[in-house]
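**Student:** Let the sequences and hints guide you as you build the complete structure.
2 protein chains.
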Amino acid sequence: MYGAGDVRVVDVPDPKIQLPTDALVRVLRACVCGSDLHPFRSLPATPEGTPMGHEFVGVVEEVGAEVSAVAPGDVVIAPFAWSDGSCPFCREGLQTSCLHGGFWAAGGIGGGQAEAVRVPFAEGTLVKAPVAEDSGLLPSLLTLSDVYGTGYHAAVKGGVAAGSTVTVIGDGAVGLLAVLASRQLGAERIVLMGRHKTRTDLGREFGATDVVAERGEEGIAAVRELTGGHGSPIVLEAVGHMPAYEQAFGVVRPGGVISRVGVPQYEEAPIGFGSLFRHNITLTGGPAPARAYIDTLMPAVLDGTADPGKVFDRTVSLEETPAGYRAMDERSALKVLIRP
Amino acid sequence: MYGAGDVRVVDVPDPKIQLPTDALVRVLRACVCGSDLHPFRSLPATPEGTPMGHEFVGVVEEVGAEVSAVAPGDVVIAPFAWSDGSCPFCREGLQTSCLHGGFWAAGGIGGGQAEAVRVPFAEGTLVKAPVAEDSGLLPSLLTLSDVYGTGYHAAVKGGVAAGSTVTVIGDGAVGLLAVLASRQLGAERIVLMGRHKTRTDLGREFGATDVVAERGEEGIAAVRELTGGHGSPIVLEAVGHMPAYEQAFGVVRPGGVISRVGVPQYEEAPIGFGSLFRHNITLTGGPAPARAYIDTLMPAVLDGTADPGKVFDRTVSLEETPAGYRAMDERSALKVLIRP
Numbered sequence: 001m002y003g004a005g006d007v008r009v010v011d012v013p014d015p016k017i018q019l020p021t022d023a024l025v026r027v028l029r030a031c032v033c034g035s036d037l038h039p040f041r042s043l044p045a046t047p048e049g050t051p052m053g054h055e056f057v058g059v060v061e062e063v064g065a066e067v068s069a070v071a072p073g074d075v076v077i078a079p080f081a082w083s084d085g086s087c088p089f090c091r092e093g094l095q096t097s098c099l100h101g102g103f104w105a106a107g108g109i110g111g112g113q114a115e116a117v118r119v120p121f122a123e124g125t126l127v128k129a130p131v132a133e134d135s136g137l138l139p140s141l142l143t144l145s146d147v148y149g150t151g152y153h154a155a156v157k158g159g160v161a162a163g164s165t166v167t168v169i170g171d172g173a174v175g176l177l178a179v180l181a182s183r184q185l186g187a188e189r190i191v192l193m194g195r196h197k198t199r200t201d202l203g204r205e206f207g208a209t210d211v212v213a214e215r216g217e218e219g220i221a222a223v224r225e226l227t228g229g230h231g232s233p234i235v236l237e238a239v240g241h242m243p244a245y246e247q248a249f250g251v252v253r254p255g256g257v258i259s260r261v262g263v264p265q266y267e268e269a270p271i272g273f274g275s276l277f278r279h280n281i282t283l284t285g286g287p288a289p290a291r292a293y294i295d296t297l298m299p300a301v302l303d304g305t306a307d308p309g310k311v312f313d314r315t316v317s318l319e320e321t322p323a324g325y326r327a328m329d330e331r332s333a334l335k336v337l338i339r340p
Numbered sequence: 001m002y003g004a005g006d007v008r009v010v011d012v013p014d015p016k017i018q019l020p021t022d023a024l025v026r027v028l029r030a031c032v033c034g035s036d037l038h039p040f041r042s043l044p045a046t047p048e049g050t051p052m053g054h055e056f057v058g059v060v061e062e063v064g065a066e067v068s069a070v071a072p073g074d075v076v077i078a079p080f081a082w083s084d085g086s087c088p089f090c091r092e093g094l095q096t097s098c099l100h101g102g103f104w105a106a107g108g109i110g111g112g113q114a115e116a117v118r119v120p121f122a123e124g125t126l127v128k129a130p131v132a133e134d135s136g137l138l139p140s141l142l143t144l145s146d147v148y149g150t151g152y153h154a155a156v157k158g159g160v161a162a163g164s165t166v167t168v169i170g171d172g173a174v175g176l177l178a179v180l181a182s183r184q185l186g187a188e189r190i191v192l193m194g195r196h197k198t199r200t201d202l203g204r205e206f207g208a209t210d211v212v213a214e215r216g217e218e219g220i221a222a223v224r225e226l227t228g229g230h231g232s233p234i235v236l237e238a239v240g241h242m243p244a245y246e247q248a249f250g251v252v253r254p255g256g257v258i259s260r261v262g263v264p265q266y267e268e269a270p271i272g273f274g275s276l277f278r279h280n281i282t283l284t285g286g287p288a289p290a291r292a293y294i295d296t297l298m299p300a301v302l303d304g305t306a307d308p309g310k311v312f313d314r315t316v317s318l319e320e321t322p323a324g325y326r327a328m329d330e331r332s333a334l335k336v337l338i339r340p
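Just so you know, the sequences run in chain order F and P. No gaps in the numbering here: position 306 of the first sequence is 306 in the UniProt record's numbering, and each next residue is one more. No gaps in the numbering here: position 291 of the second sequence is 291 in the UniProt record's numbering, and each next residue is one more.
Which residues of chain F face chain P? A few of them, derived with a C-beta cut under 8 Å, are: (1) S97; (2) E268; (3) P270; (4) G272; (5) G274.
With beta-carbon atoms standing in for the labels, derived distance ranges: (6) P:A45 with F:P88: 50 to 58 Å; (7) F:P299 with P:E66: 53 to 61 Å; (8) P:G216 with F:G93: 26 to 34 Å; (9) F:S68 with P:E268: 49 to 57 Å; (10) F:T46 with P:G274: 19 to 27 Å; (11) F:A69 with P:E267: 48 to 56 Å.
Which residues of chain F face chain P? A partial, calculated answer using Cβ under 7 Å: (12) F89; (13) L94; (14) P254; (15) G255; (16) Y266; (17) E267; (18) A269; (19) I271; (20) H279; (21) N280; (22) L283; (23) T284; (24) G286.
What the hints contain is simulated information worked out from the structure, not anything from laboratory work. A virtual CB, placed ideally from N, CA and C, is assigned to each residue, including glycine.
**Tutor:** Encoded structure:
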């Protein structure tokens with residue numbers, strides 16, 4: 001990406017093993033993330049550009065001398081943050097705060113929207129998936145890189161459990177998979193706030209019991225009416241823009257929790273007496289430690305119980321990636337799968 | 001209070017029972033709260049003034065026809081919010097969000113810095129204390145109105161448990177009692193941030209294992225060093241001013257929790273990627289449902305195990321209340337007891 005709206009497919013030097021803890025992975029499937037749209041709309045132009053993409057599944061081609069947990073030929077899932085697997089935060093399951101980890105497409109590490117990627121700390125980062133290179137499950141496994149794990153993180157941090165009443169704000173891939181995760185965790189009532197019918201229909205399929213298309217005061221009133229008049233005990237915010245946050249504290253019940261997983265496009269926001277404090281609202285969430293959830297979520301994908309890959313409604317080749325960005329930006333596609 | 005710095009003791013009509021759910025309480029002890037200092041520093045002047053005080057213990061003088069849980073002659077504790085005791089939030093123990101409740105010294109209800117108070121929803125609001133009018137325990141019981149319950153709320157919402165590492169920001173009465181509460185809940189390491197030695201000495205007596213007098217970057221570095229280098233998993237913010245909040249997200253560990261009970265003197269504050277989101281920090285807290293904690297905390301007060309009344313370091317008569325405000329404002333007193 002060379003600036004807002006300017007995505008190009010260019011040849012770069014092949015990645016190579018640099019450290020004994022590296023693996024070289026050939027990408028089987030990658031995708032465009034809702035969060036990629038933020039730079040697509042605002043990145044200042046640069047002559048050198050930046051690699052893109054933080055979600056991919058691939059085949060291990062080569063490993064460094066210290067890597068034995070994955071081997072050439074393995075199909076692997078790469079979470080959206082790479083991590084050493086051994087620091088205190090990795091051991092606690094908060095791999096996104098790994099002391100030695102980082103994010104793709106930054107600091108000399110390539111992005112997933114490519115033919116191949118050098119993976120640092122391969123043993124800490126990658127999870128082997130017991131499928132073949134041509135498996136029909138690849139799209140669903142790819143969601144474990146980010147959007148499914150992120151939706152699940154929202155639900156876990158929000159405290160969703162059997163019988164919960166949950167409101168999900170946002171009908172993008174993360175919001176829809178937050179619905180799926182909430183249902184898997186036993187939520188009884190799941191209100192989905194979104195106004196794109198094809199998306200909210202998928203939300204219903206994933207487990208939403210109610211859909212609220214209205215926004216602002218009207219949307220708040222509708223959610224309150226659906227949740228007993230006092231608001232929703234758990235609110236999952238899967239957008240990241242200020243109006244979604246305002247919607248969140250508008251619909252949350254006194255004593256309730258707002259769990260954010262949409263990357264905030266603001267730094268300052270209301271949290272004082274008039275918004276969070278007065279009624280003891282808890283605000284939680286952050287970048288999902290997707291790595292921590294892959295083992296939990298993969299079995300239902302493998303046995304077909306869960307089909308999170310339904311969020312992909314368009315497939316493009318690597319060369320067609322710029323068109324994929326445009327389709328998501330125009331909202332003509334929910335989530336674009338890239339097949340290098 | 002007739003405006004900033006302008007506290008007067010004036011005669012007002014005696015309160016009377018107005019509703020069958022009311023009680024009339026003669027005040028035995030009241031006090032000045034750190035949160036009373038906010039209007040003392042900023043309240044716009046008005047000719048009619050406003051009653052003050054939201055913490056009191058007293059004797060029931062008279063009850064309405066529907067009140068039987070407390071009776072004339074009973075010594076009672078009034079929490080800083082009155083509540084009906086029967087709405088969904090009261091039943092859940094979040095009495096500060098009672099659907100029909102409110103705060104003292106507002107909306108026609110008097111304040112505790114007075115000789116007598118009409119108490120709405122007496123059965124929902126008051127808790128009987130099994131002591132005599134001249135009990136030496138009255139100061140400690142008075143802390144159950146607010147500061148002790150508020151410190152305890154901070155610890156509970158912060159998730160303090162056996163073995164916890166906790167940092168408490170603020171050496172006012174609430175901060176010191178947050179230390180006491182953390183110790184009671186089993187915290188192993190309790191770092192108190194404050195720079196008034198007489199107060200932090202009392203904090204050590206209540207259970208603080210370390211005291212950090214530095215503020216800003218220096219204070220953050222000191223706390224990080226004391227807590228293993230990565231910060232404090234639990235931070236209790238007992239001040240309410242922006243620098244205290246900034247200190248909180250400066251010292252909190254990735255994945256940790258900031259529990260606020262100091263009434264925020266700001267509405268907007270940093271909560272985006274650079275402050276809370278990046279490392280999955282949880283922000284929680286709010287006005288303590290002091291009513292919910294009185295039954296839990298009173299036994300240790302009655303048997304002398306806990307002595308939260310030590311936060312009172314000055315006693316004044318009702319007539320001397322203005323001097324009490326000044327002493328707290330100048331920080332020559334930690335907390336002023338009023339003995340009408």
